[in-house]
Amino acid sequence: MNLILDTTQEHLGKRIVEELLRSGKRQTEFERIDTTTMQISHCIGCNHCWLKTPGICSIKDDYAPILKKMSGAGQVWFVSDTRFGFLSYQTKNIVDRVLPLATMNLKFKDGQMRHVMRYDHQPDFGIVFAGDGDRDYLNWWCQRMALNFGSRSLGVFHVEQMQEAIKCMWS
Amino acid sequence: MHVVMINGSPRIEKYSNTDKIISSFGKGLLERGASFERYAISERRSWDAIREAYIKNEEILIALPLFVECVPGLLLEFLETLPKKDDRTRLSFILQSGFAEGSQLRCGERFLEKLPEYLGVCYGGCLVKGDNFGIRLLDAAGQEKATKPYRAMGALFAEGDGFFRTEAKKFTGPEYFPLPLRVLMQMVFKTIAKKRFQQAAASWGCDTPLDAKAWE
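First to last, the protein sequences are chains G and X.
When the letters of the first sequence are read in order and numbered with the numbering used here, they come out as residues 1 to 171.
When the letters of the second sequence are read in order and numbered with the numbering used here, they come out as residues 1 to 216.
Careful, some of the hints might be misleading.
Per label pair, the in silico range of CB-to-CB distance [claimed, not checked]:
#1 R15(G) with K145(X): 50 to 56 Å
#2 N139(G) with P174(X): 23 to 29 Å
#3 E117(X) with Q161(G): 21 to 27 Å
#4 Q9(G) with P83(X): 20 to 26 Å
#5 I192(X) with N139(G): 35 to 41 Å
#6 D86(X) with G131(G): 21 to 27 Å
#7 T37(G) with K170(X): 20 to 26 Å
#8 G131(G) with H2(X): 34 to 40 Å
These aren't lab readings, by the way, just hints derived from the structure by calculation.
Keep in mind it's a predicted model, so treat the numbers as computed, not measured.
Where is the CB? At the ideal position from N, CA and C, for every residue including glycine.
Hey, can you work out the whole structure from these sequences and the hints?
Written as structure tokens, this is what we have:
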């Protein structure tokens with residue numbers, strides 16, 4: 001199952017879902033979550049998910065079910081507005097709170113320190129963005145972010161290049 | 001020189017590594033005759049005051065922890081509330097992280113390099129340094145010792161060249177650790193470090209293994 005996390009004010013994830021259905025994908029193969037009406041706080045950096053309640057975020061809001069779905073998904077796509085050439089803060093809040101999927105423990109991988117992941121399966125990550133995002137930067141960021149979580153980047157696409165993103169969604 | 005220092009960490013000041021770094025940096029500023037005022041975005045009710053200080057002053061320094069390769073979501077939200085200014089204002093950064101290698105912070109640094117342009121102000125450079133995760137876990141003397149190098153950087157900053165001087169660039173330390181050191185550290189990670197982390201967790205009241213699979 002692939003997950004589409006839509007934080008955009010224009011609910012652009014709906015357009016992606018329509019395209020997916022049009023291209024023959026079944027509704028059971030993916031899930032879109034519109035987070036715009038959900039209560040999702042920023043990460044407060046308490047480190048409880050590493051050192052006090054391993055794997056569990058201390059913030060009690062609408063995020064926990066999303067994280068659980070992310071953990072089990074094959075792919076996670078962030079559909080995001082952009083500011084300062086980067087993701088919106090709403091999307092970044094969701095990303096920052098992925099930390100319970102990693103543990104406090106460390107290792108070296110490809111010459112750099114990484115946290116040891118908590119679960120055996122890791123989702124891959126992709127981005128579909130709207131607005132004046134800096135695609136080169138977002139690509140670099142997505143690759144780095146995926147590296148940190150033991151997975152790979154699926155790519156970064158402007159919403160007007162949605163068809164390209166959709167090709168990657170079941171590649 | 002009068003510097004507005006903004007702690008961009010979402011963590012409350014008492015437990016904020018960035019807060020301890022700012023304190024040490026501030027001592028360096030004072031040594032060289034500069035002054036400063038400091039704020040923290042972790043308290044939303046102070047955002048109006050921070051914005052006002054940002055508007056009124058021309059030397060702004062944001063210190064922040066790296067959160068997933070870039071700035072924390074809460075800081076992004078705060079930045080959205082800032083008005084555009086002109087290039088008489090200089091915006092500089094201290095970017096710190098838990099991971100020790102300089103290469104780990106470059107993606108975040110790139111974002112910060114470009115940010116001033118979006119805000120209409122000029123860029124004063126970015127002081128980049130890792131290996132700060134444990135500051136909050138140290139006692140007062142340990143925190144003083146761990147953050148002492150930032151005092152020298154505060155003194156350097158007071159001389160007016162932002163973070164563009166060689167001393168500031170060298171402050172980062174190694175971009176990557178050499179292979180023999182990595183091999184040694186890997187052994188430490190699997191043994192002593194793992195034990196220490198579990199001990200730290202125990203002191204927080206945790207008796208669960210740190211690699212517990214919460215959902216399985």
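Hint check results:
1. R15(G) with K145(X): 50 to 56 Å: 55 Å Cβ-Cβ, so the 50 to 56 Å window holds.
2. N139(G) with P174(X): 23 to 29 Å: holds, 26 Å
3. E117(X) with Q161(G): 21 to 27 Å: Since E117(X) and Q161(G) have Cβ atoms about 25 Å apart, the given range 21 to 27 Å holds.
4. Q9(G) with P83(X): 20 to 26 Å: Since Q9(G) and P83(X) have Cβ atoms about 21 Å apart, the given range 20 to 26 Å holds.
5. I192(X) with N139(G): 35 to 41 Å: holds, 38 Å
6. D86(X) with G131(G): 21 to 27 Å: holds, 24 Å
7. T37(G) with K170(X): 20 to 26 Å: violated, 49 Å
8. G131(G) with H2(X): 34 to 40 Å: Given a distance of about 36 Å, which is inside 34 to 40 Å, the answer is holds.
Comparing the model with each earlier hint shows a violation of hint 7 alone; every other hint is respected.
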